[in-house]
Amino acid sequence: MSWAKFTKMTILFGFQVRNCNFVICEFQTLLLMAILSSCRTNK
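Residue numbers (the numbering used here): 14 to 56.
Bear in mind the hints are in silico, worked out from the structure with no lab data behind them.
Cβ coordinates follow ideal geometry from the N, Cα and C atoms, glycine included.
Errors might be hidden in some of the hints.
Said to hold, decoys possible - Computed beta-carbon distance windows for the label pairs:
#, residue 1, residue 2, range
1, Phe-28, Cys-52, 17 to 23 Å
2, Arg-53, Leu-25, 27 to 33 Å
3, Ser-15, Cys-52, 15 to 21 Å
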């Protein structure tokens, strides 16, 4: 999945939930998981 599509889905999800704190927390978790998985792939 491309970053543009991922960002678009995240924004749409955020509008649906209408809970900024939850969305930010969820986004940070997904971002951290993506970074960790890409780091493992590079090594």
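We went through each hint and held it up to the structure:
no. : hint                        : result
1   : Phe-28 x Cys-52: 17 to 23 Å : violated (31 Å)
2   : Arg-53 x Leu-25: 27 to 33 Å : holds (29 Å)
3   : Ser-15 x Cys-52: 15 to 21 Å : holds (19 Å)
Hint 1 alone, counting from the list given before, is not met by this structure.
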